[in-house]
Amino acid sequence: MTLPYPPNNAVMNLPRRDAKDKLLGRTRYTVDDGGHGTLHAAARRSEVASGRIVKIDVTPALSMPGVKAIATHEDAPGLHGIGIADHPLFAKDVVRYHGEPLAVVAATTVAQARAAAAAILVEIDPIAPVLTMAEALAKDAPLIHPDWATYEILREGAARGGNVAWEATVVRGDTDAAFARDDVTIVEGTYRVGRQSHVPFEPRAVVASYDDGRFHIHTSTQVPWTVRHVTAKVLGVPEAAVHVTVPAVGGGFGLKFDCSLEPFAAILARKTGRKVSLVNSRREEQMTCLSRENADILIRSAVTPEGDIVGREATVLMDCGAYGGEQVFLTTMTAHTLGGNYRLGSVKIASQAVYTNTPPNGAFRACNGVYNTFALECHTDEICKAIGMDPLTFRRRNVVGHGDIGATGQVFEGDVLRPMLDLAIDTYGPHERAKKGPDGRLYGRATTVGTWFIFVGPSSATVHLNVDGSATLVTSGVEIGSGTMVQSLPQIVAANLGIHPDAVIVKTADTDASGRDLGVGGGRTTVSIGAASQEACAEVRSKLLAVASQMLQTPQDDLVLTQGRVEIRGRPGSGTSIQTVIAQAELEHGPVSGSGAFTAPGIAAMPGCAAGHFIDAIDIPVFAVHDCDVAVDPDTGKVEILAYRVIQDVGRALNPRAIHGQIQGGVTQGIGYALHEEITINAEGAFDQTCFSSYRIPTALDTLPIDYHLYEGAPSCGPLGTKGAGEVPILNVGATLACAVANAIGTPVNALPLTAPRVLGLIDGLSSGVDLSHLSRHWHENTIAFSK
Amino acid sequence: MMLTLMINGDPVPYHGDPRRSLLEVLREDLHLTGTKDVCGEGFCGACTVQIDGVPKVSCLLPVGSLAGAEITTIEGVSNIETLTAVQKAFLEYDVVQCGMCFPGMVLSMTHFMAENPSPTRAELKSAMTGNICRCTGYERIIDALISLGADGFGSADEVCP
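Note that the protein sequences, when read in sequence, are chains C and G.
Quick note on UniProt numbering: the first sequence kicks off at 1 and runs consecutively.
Quick note on UniProt numbering: the second sequence kicks off at 1 and runs consecutively.
These are calculated hints, taken from the structure and not from any lab test.
Since this is a predicted model, take the numbers as computed values, not measurements.
Just to be clear, a hint being listed does not mean it is correct.
[As the list claims (entries may be wrong)] In silico BS3-like pairs for lysine-lysine, Cα to Cα no more than 30 Å straight-line:
id, chain 1, residue 1, chain 2, residue 2
1, G, LYS125, C, LYS436
2, G, LYS125, G, LYS56
3, C, LYS507, C, LYS20
4, C, LYS638, C, LYS385
5, G, LYS125, C, LYS20
6, C, LYS638, C, LYS436
7, C, LYS20, G, LYS88
8, G, LYS88, G, LYS125
9, G, LYS88, G, LYS56
10, C, LYS435, C, LYS638
11, G, LYS125, C, LYS638
12, C, LYS507, G, LYS88
13, C, LYS55, C, LYS385
14, C, LYS20, C, LYS92
15, G, LYS56, C, LYS20
[Stated by the list, open to error] Short derived list, chain C residues pointing at chain G, Cβ under 10 Å:
id, residue
16, LEU3
17, PHE253
18, LEU587
19, ILE671
20, ILE706
Even glycine gets a Cβ: it sits at the ideal position worked out from N, Cα and C.
With the hints as extra help, turn the sequences into a complete structure.
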């Protein structure tokens, strides 16, 4: 589409309109909304990881002070899920994880609700829990969902069975022949990562009411339409009976990409007829965090002496916890993350979501990509070592470029990664040999590449042009902190209509006012909602210019919208104010508005090579090159990051300063993941880290100023050639730090986080490596679809 | 127990349990929701207030210990018309993201800058460790504070690119 305005009109460092109130403490998040007359709710959760429910008796709790209502599984009969409907709102006959909701109580105060929740009589016969994927995949493993075969299938085409909730596979070319060649070196790597907790400062929270036969859910979410859909599904009511609004969200990072507490509050609101607030305590928030999943990864590659990857076989086990959730979808991503970055002669990939009796996992910024990039880049450096090739040379030779095909056979457009790598080499210089410094520390550097994608899918937008010359943008977008709703979207609308972004009113998400949207996540908001907004603006422009054309006796093509005026091209001051044209348009046709829609263009894959995938190809690939220097203290294992550099493919940077904020913040979150954020699961199936003092997120002393370069001009179907920029910065941080540490200490790294004890174990040769004896070196044996 | 709390210059009678945290009283009784309840264990600094001008985490302060103290919350630091220099710098440098940590960050760093008008980057980072932020990665907040440095301070090489 040719733009009716110079694209640079949309580029500016527009400040955030929500910053002032946030700095004054005036912003009202969902957790701040629970005024007079609001009831407060609390959940009773399971304290065993697996068991048969003998009794849940709410009678004594119901008569406690302040208690207004209690809800259990009887109030929410439906099952929900992604791909498969396997998830009840409340445990019914069995408990599948520590922390699973059994009941919720509404009372006058939070303290009363918590006291009553604790007083509910619960009797559960414990069953030995299945806490690891190795246990879950053992031959005689108990089934976490014995009725898995009877669940409603929401998306056809995946192999499932036993404790495997979902399997996605890729088979392209003949890897057997590649591995059998006599000129190849076969390199094998095993990797393991733990979970990462989002720790949004605003926990999951909701305020619900029930008026005129409809639920009004005011909630801290990234996905208002998912909340609407899931609430209706589990309550067994029409979706039209659910109305969702979203105020400022105090951090999401993917955690709020699922419906969570909303249906509980909705049920209690209907039972009591009152407004009900439900807010996770910090302990609950941590204990039931839909974390970035732990994963076990096996990669084998057949590489020629020249450095061609002629065959690659990989298996990725993703722990989905007790219910499938996002991991079912995310099995799709392995093809594009682990199977990404490099040209592969032939490839087989299996990606499974595996049930365990642990808290369900979810989406987290660059989900799946972060650990698969870690594994892939560590493996790449190990390949280079095995064949004796410089890692930068190897990467330059093998990264996907214009016309190359990806794992699922999609054809990539444009050379992006190679010029980004060249820029890194030109700017940061070639790698020096790792060395021991005069201070006794071990110095290393690494440069890694990463492939992510922009999650597109449906968005809609309506633009109303008001008589005062302002415009109102109505979408289901949510401001989670990334700035999309207060920066890039008003910038896009303003550039389209020739007005200042301050004159663009951005409506907060309201499912009664706006069309459907997939949600804020996956870097998609600027792209998808931006594209829908641009289309809506095009309709507004054409209506406005038709009227202006009459008024100014000038063909529409010769009119431009600029600085709040309609001008005759090349003759500033010749036209009239936009308000005058709007007034005339109202007289002739009524108020001026336009609507727009966007969805995934659907890039083609090679038919037949991907199975169980939700998308076969990535519509908007995004690439990143990261580079860092580290120093490792051989006596303590402490890793210090000396410099960290990012070259990020952004398509077009609409607000470079805001993107810098995303890079600085995203890399810092990645540093936490790579070095010190660790979740361990104890014998009870609960997380050991339930608070800030035990789960170590980065402080100011754990990060450094990130050097960055915004790489522009790569192809994108996004509006003005944009790609989302907020998701990607975390993508290869774990990879880069791991490769740099491996380089410094001269020992491969195969697990994250690189806590000081773990690094010391690697240096001292005490680390026993990652035991993946539950995975076979015969790829097909790891699959359901291809096992013989 | 009855006591009088001085909150943002106003006397506020309190009749409850003296062991309740100031944070809970501010948010639940007085609806001063600018003070944020995040970690609940004195670790993150989001609930920071000033007690007699000194930053303290309100989640660990029993209200019974505060009779006679001047309590300043984020609502009392400034108003819509007049931001403090720290708030202005945070606005100007576009450092805010989700915003949940900023009320505490403003109260802590306003006090720190008053005591140390020309801090180094390292001093600022140390001072900021009691205020955790999950979004921003801190460095741009530090850039903003460095811009407030006294004469001759805040040279360009101290500020990230």
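Pair hint LYS125 of chain G and LYS56 of chain G, alpha-carbon separation not exceeding 30 Å: Since the Cα atoms of LYS125 of chain G and LYS56 of chain G sit roughly 18 Å apart, the hinted pair holds (cutoff 30 Å).
Given hint LYS20 of chain C paired with LYS125 of chain G - CA-CA distance at most 30 Å: holds (23 Å)
Just to be careful, I want the Cα atoms of LYS125 of chain G and LYS638 of chain C compared with a cutoff of 30 Å; is the pair within it? Answer holds: LYS125 of chain G to LYS638 of chain C is near 19 Å, not above 30 Å.
Answer holds if the nearest beta-carbon of chain G is closer than 10 Å to that of PHE253 of chain C; otherwise answer violated. holds (7 Å)
Tell me if the straight-line CA distance from LYS507 of chain C to LYS88 of chain G falls inside 30 Å. holds (26 Å)
Holds or violated: LYS55 of chain C and LYS385 of chain C, Cα atoms, limit 30 Å. The given pair, whose Cα atoms are some 60 Å apart, is violated under the 30 Å limit.
Would the hint linking LYS435 of chain C and LYS638 of chain C be met if the CA-CA limit is 30 Å? holds (16 Å)
LYS88 of chain G paired with LYS56 of chain G [C-alpha distance capped at 30 Å]: Roughly 22 Å between the alpha carbons, so the hint for LYS88 of chain G and LYS56 of chain G holds.
Can the restraint linking LYS125 of chain G and LYS436 of chain C be considered satisfied, given a maximum Cα separation of 30 Å? With Cα atoms ~28 Å apart, LYS125 of chain G and LYS436 of chain C stay inside 30 Å; holds.
Within 30 Å, alpha carbon to alpha carbon, are LYS88 of chain G and LYS125 of chain G? holds (20 Å)
Going straight from one Cα to the other, do LYS56 of chain G and LYS20 of chain C come out at no more than 30 Å? holds (23 Å)
Would you check the hint for LYS20 of chain C and LYS88 of chain G, treating anything up to 30 Å between C-alpha atoms as holding? Status holds; Cα separation ~9 Å.
Hints 13, 14, 16 and 18, counting from the list given before, are not met by this structure.
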